[in-house]
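Participant: Each chain, written out:
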Amino acid sequence: MKKKIVLSILCIFSVLCLNAQHSSKNNGWPGELKGGIRIQKTQKLYWENGFSFDFTSPKIADSRIHFGLSYVTSRLGSAMGSNAIKQDNYLISSGYYFHHQKQFQPFARINLGYFHADYEEDIFDVLPHKAFLFSIDAGLSYEFEIPLTASISAGYNLNSGSGPSGPGTLYPFYYQMSIFYTLFK
Amino acid sequence: MTTKNRFYGLIVILLLVLSACSKSPDIDNATMLDGDQIFDPSLYNLELYLVSVAITDPGEIQKNTPVIIAVHGYSATTFEWDEFRTYCDAKSDVLVSQVLLGGHGRTYEEFKNSTWEDWQEPIMAEYNALRARGYTNISFAGSSAACPLVMDLIKKGKIGDNGMKHIFMVDPIVIPSDKLLTIIGLVGPMMGYLETSMTTSEEGHWYHFRPQETLKQLLSVIEKARKDLQEGYNLPAGTRVKVYKSLKDPTADAVSAVLIYKGLKNSDGSKTDVEMIDSDLHVVTRLNGRDNIMQHDRDNQLHVFDDMYRILMQ
Numbered sequence: 001m002k003k004k005i006v007l008s009i010l011c012i013f014s015v016l017c018l019n020a021q022h023s024s025k026n027n028g029w030p031g032e033l034k035g036g037i038r039i040q041k042t043q044k045l046y047w048e049n050g051f052s053f054d055f056t057s058p059k060i061a062d063s064r065i066h067f068g069l070s071y072v073t074s075r076l077g078s079a080m081g082s083n084a085i086k087q088d089n090y091l092i093s094s095g096y097y098f099h100h101q102k103q104f105q106p107f108a109r110i111n112l113g114y115f116h117a118d119y120e121e122d123i124f125d126v127l128p129h130k131a132f133l134f135s136i137d138a139g140l141s142y143e144f145e146i147p148l149t150a151s152i153s154a155g156y157n158l159n160s161g162s163g164p165s166g167p168g169t170l171y172p173f174y175y176q177m178s179i180f181y182t183l184f185k
Numbered sequence: 186m187t188t189k190n191r192f193y194g195l196i197v198i199l200l201l202v203l204s205a206c207s208k209s210p211d212i213d214n215a216t217m218l219d220g221d222q223i224f225d226p227s228l229y230n231l232e233l234y235l236v237s238v239a240i241t242d243p244g245e246i247q248k249n250t251p252v253i254i255a256v257h258g259y260s261a262t263t264f265e266w267d268e269f270r271t272y273c274d275a276k277s278d279v280l281v282s283q284v285l286l287g288g289h290g291r292t293y294e295e296f297k298n299s300t301w302e303d304w305q306e307p308i309m310a311e312y313n314a315l316r317a318r319g320y321t322n323i324s325f326a327g328s329s330a331a332c333p334l335v336m337d338l339i340k341k342g343k344i345g346d347n348g349m350k351h352i353f354m355v356d357p358i359v360i361p362s363d364k365l366l367t368i369i370g371l372v373g374p375m376m377g378y379l380e381t382s383m384t385t386s387e388e389g390h391w392y393h394f395r396p397q398e399t400l401k402q403l404l405s406v407i408e409k410a411r412k413d414l415q416e417g418y419n420l421p422a423g424t425r426v427k428v429y430k431s432l433k434d435p436t437a438d439a440v441s442a443v444l445i446y447k448g449l450k451n452s453d454g455s456k457t458d459v460e461m462i463d464s465d466l467h468v469v470t471r472l473n474g475r476d477n478i479m480q481h482d483r484d485n486q487l488h489v490f491d492d493m494y495r496i497l498m499q
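Protein chains in written order, with this note's numbering: chain A, 1 to 185; chain B, 186 to 499.
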């Protein structure tokens, strides 16, 4: 049932993206806005999936710097129909893209945000369940001829949970793949 | 420098790193468990540690007396449950069987070559031996890595209905506090082993050097426990669980208790019992050998022992 809901959301999102792109031609938009899905796997822990947006402009460092907004959660990953802990990651990011005029673009990125884990029972309220997120990641982005962009990266959380402090399921190493559709250009 | 020369340079550096890794740790045989002189005392006097060996022909009263199989954690020895044995000896109506995990309590090389299945084997051997001798009131107490080992036995159905009355887990590890354990597969071959710091009193009871091979085994068993709990499973009928979890555990992350609570249910589907302990120790029931023990730690230890005893006597 949950999987059907997620698939429906993804379909609706795709249609909205398609509409948005057609209606935005020649509207003087100052840059490029992409929206899409993100699939994230933490080393030795959960799949956490969600949504991501990416913005860049020729007026800002000649499109070499990208700004991002993303949300990934185990609710759309490992915690679907299982006992995995439900946890959410809200992130803003800024990345530098090399070879920005080519299809293959290596990049390095800094991410800041907020992490929250839901332990569901009062008895666990004493445990740390939220944290400030600060991570770095680097990877490759590929722009297709059609308005799609795929990127993969590996990252490191600088403030992962360490027993006496921080949420225990905030792990340090993660890998992610994002697929973006160009919404405005 | 040409690309070819750089390539050869990298190969030489890599070979140097790998050769450095293969070096064995500098073991002091006179003081360290890792050496070939100090072994776990249960290996010399099994009858002092295992109830199945001490009382091979129990009478009717003994058969119904609570027997608790007490199992230590990764890299430790039977020493970890000595204080509980002393506590129970004073009560005189509970028998304690202190099991030494496979591969433990022996030389560094034997530890290095053991798998988590080897560690688990003596738990099942003692359980089966007690059952074969007619003991009917068997329980289990495990600390740290002993907990995922016994959870695996439950998951595999090795302990049947009414085969075990209580399972006490003290600071079970499902999520490690030190998250660098998650990349032991990558950095382990470069490290070779991990040296641990311990007090003089602890030397001889824990391995001073932890082979990277055994850290991989530890990661493997806790990873399995986590995935099993994620799927969820039930205890056998007639078995109850109580988890005691230190809040600021530097070894087993306190969130391990959340995963056990969510994933392991009683046979009727009801929730198991968890108690969070205000402590910064790993294995709150073991104080011997530690420095700077506070009254608060002693209170915690006594509270857990009293609670276990109360549950056993119900």
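Calculated directly from the structure, the hints in this document are not laboratory data.
Check before you lean on any hint, since a few could be wrong.
Said to hold, decoys possible - Under 8 Å between C-beta atoms, here's a sample of chain B residues computed to sit facing chain A:
#: 1; residue: Gln415
#: 2; residue: Val443
#: 3; residue: Met461
#: 4; residue: Asp465
#: 5; residue: Asp476
Just so you know, these numbers come straight off a predicted model, no measurement behind them.
C-beta: ideal position from N, C-alpha, C; glycine also.
Participant: The structure should be examined with respect to each hint, and the outcome stated for every one.
Facilitator: Going down the list of hints, with the structure as the test:
Hint status for Gln415(B): holds, given a least beta-carbon distance of 5 Å to chain A, under 8 Å. With its C-beta approaching chain A no nearer than about 5 Å, Val443(B) sits inside the 8 Å limit, and its interface hint holds. Evaluation of the Met461(B) hint against chain A yields a held restraint, the C-beta minimum of about 6 Å falling below 8 Å. Against a cut-off of 8 Å between C-beta atoms, the interface hint on Asp465(B) holds, since the closest Cβ of chain A lies about 6 Å away.
A distance limit of 8 Å between C-beta atoms decides the matter here; for Asp476(B) the minimum to chain A is near 18 Å, and the interface restraint is violated.
The structure is inconsistent with hint 5 alone, although it conforms to all the rest.
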